[in-house]
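Take a look at the letters that make up each chain.
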Amino acid sequence: MKQRLHPFTALTAAASAAVVTTAAAYWPLSVAVALAAVFLAVRREVAGRVLPAAAVILTPLCLSLLVLHGLFFPEGQTVLAQWGPARVTAEGLGFALELGTRTTACVLAFLLFSFTVSVPDLVSALAGRRVPPQFGFVLASTLTLLPAVSVRLDRIRQAQETRGMVVRRGLVSRLGALRLQMVPLVLALIDDAGSRAQALDARGFGSPGPRTTYREVADPPAQRRFRAAALVFAAAAVAGRIVASWPAGVPS
Amino acid sequence: MSQSALTVTAPGQAAGRRRRLLEIAGAAAIAATYIFLVLTQPADIANGPASFSALVALGGFLLGAVLLIVAVLPVLPTSTVVLIPVALVLNVVLGQLMGSTGLPFYIDAIGTVLIAVLAGPAAGAATGALSSIVWSFFNPTVLPFAAGAALIGFLAGMAARGGLFRRFYFAPIAGFVTGILAGVVSAPIAAFVFGGTSGLGTGAIVSAFRAMGDTLLAAITKQALISDPMDKAIVFTIAALLAYALPRRTTFQFPFVRHYRVLAGKSPATPDA
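Just so you know, the sequences run in chain order A and B. For the first sequence, the working numbering assigns the number 1 to the initial residue and increments by one for each residue that follows. For the second sequence, the working numbering assigns the number 1 to the initial residue and increments by one for each residue that follows.
Pulled out of the complex, with its shape left as it was, chain A reads as follows (with noise of 0.2 Å):
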């Protein structure tokens, strides 16, 4: 991996890993699908990012589900444990153990692409397909937006605070505080927006027709091969899924 994968190979890889995840249903798979992210993580050497972000997301969700299915399975039939109403089922912890694995592969998949992906490459690459231009402005404003904001919401938490702005214990006291910084935040970014409007219309952000991109990001055929297999193999998984659980009530 010393060359720089083109963005739509890396977001592609990632899809085609969930789908498949997903459509197999196979926990040992979903487990080396997580295993691997985390190894190709720790290549790229954005772990120490990866892994805190997909354990905040995480573990709350494989709690809940533990004690979801663990406890409370109706359906379950093999009981191993019961404490009045709720009974540890062998079905539910395995159900538990699917679930949470298949989403913990899906989300480890989506957070390497993520957090390895070159933004520019990204939205310049989407400008070259037919992608709204307007989709790759979004994109890339919010991830510009999202840092300056906290910096601005830091000073207009001085600035209020100069002003005698004291946060105490009790509701009210907070809520107000919160008013105070958010209507200042608020005001703001939409005046923000309302000016960068007009620039961008006079840059011709509006008008359509093709758009064209000063950075070229390399597309070597290799890489669309392999896009095609992935998408294929894809299709296979979810197409084999279909045909071996089409629901019987259903005319197919």
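Treat the hints as calculated values from the structure; they're not laboratory data. Note that the Cβ used here is the ideal one computed from N, Cα and C, for glycine as well. It is possible that part of the hints are untrue.
Stated by the list, open to error - Covered stretches of chain B (in silico footprint by chain A; criterion: 3 or more residues with CB under 8 Å from a CB of chain A, positions within the stretch not fixed):
id	region
1	22-33
2	62-74
3	135-148
4	209-220
5	242-250
To be verified - Computed from the model, here is a short list of chain B residues facing chain A with C-beta under 10 Å:
id	residue
6	T40
7	S79
8	F194
9	G195
10	G196
Unchecked claim - Simulated restraints on C-beta separations:
id	chain 1	residue 1	chain 2	residue 2	range
11	B	R248	A	A199	23 to 29 Å
12	A	A236	B	Y244	53 to 59 Å
13	B	R18	A	R225	40 to 46 Å
14	A	V232	B	I180	51 to 57 Å
15	B	M212	A	G48	41 to 47 Å
16	A	Y214	B	I35	44 to 50 Å
17	B	R258	A	V172	33 to 39 Å
18	A	R224	B	I180	33 to 39 Å
19	A	V42	B	L241	22 to 28 Å
For chain A, the structure is supplied; the task is to place chain B on it using the hints.
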């Protein structure tokens, strides 16, 4: 102010019919997916983790959201497009600020509703769907809920068009109804894709319904009917308060606000231009 850039999308454009078809196709994909999922939900999830339903839910809802974005995004005026990143940032930042007050709600749609109030249902729907897609860069579990977020934005815009934001007591009611619909539409995603809800509070409610013998979809739908309407009522109220806290000059520069008299009160004496 360049008023031309702020006008409501002019109807009767050349590609207008194609876009209208795409919009209808997107809405139909979302509705058909929901109906299909409810009709064919696996009676016995013990047989496997509902992989077929998960694929149908993901495919159908994402297709609907993407069709809506493709239909709506190119016709939005620039002044609305630049508001979409603002809305997404507000969803995130205001959600975090609200979290700091210690209230037990995940208030993550304030920006979407605010944009819908200022710029209309189409902008609201596009904002909701795009928010989910862009936010999935940091949290991929948001992505499957794009259709629900689009529905929230659309309904908020329709409520604003109908004048429900002119009286402060109508806004929470509109939010309550929106929450019912959005919660019901999002429940199959939570049930079939994730197998539950993230968060221990909502998980406990689902567990209670499961203990009474409900199917997973029924339990999660009932949980959504308990938490989502309350959550959206609060979100709509905050968005209304924000819309009124903003200066008249700012809110009335949006043609949607002027044209449908979204907010109470007179427009500023002479809107410039």
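For each hint, the structure was consulted:
no.	hint	result
1	22-33	violated (count 0)
2	62-74	holds (count 4)
3	135-148	holds (count 7)
4	209-220	holds (count 4)
5	242-250	holds (count 5)
6	T40	holds, 4 Å
7	S79	holds, 4 Å
8	F194	holds, 6 Å
9	G195	holds, 4 Å
10	G196	holds, 5 Å
11	R248(B) / A199(A): 23 to 29 Å	holds, 24 Å
12	A236(A) / Y244(B): 53 to 59 Å	holds, 55 Å
13	R18(B) / R225(A): 40 to 46 Å	violated, 33 Å
14	V232(A) / I180(B): 51 to 57 Å	violated, 41 Å
15	M212(B) / G48(A): 41 to 47 Å	holds, 44 Å
16	Y214(A) / I35(B): 44 to 50 Å	holds, 47 Å
17	R258(B) / V172(A): 33 to 39 Å	holds, 35 Å
18	R224(A) / I180(B): 33 to 39 Å	violated, 46 Å
19	V42(A) / L241(B): 22 to 28 Å	violated, 47 Å
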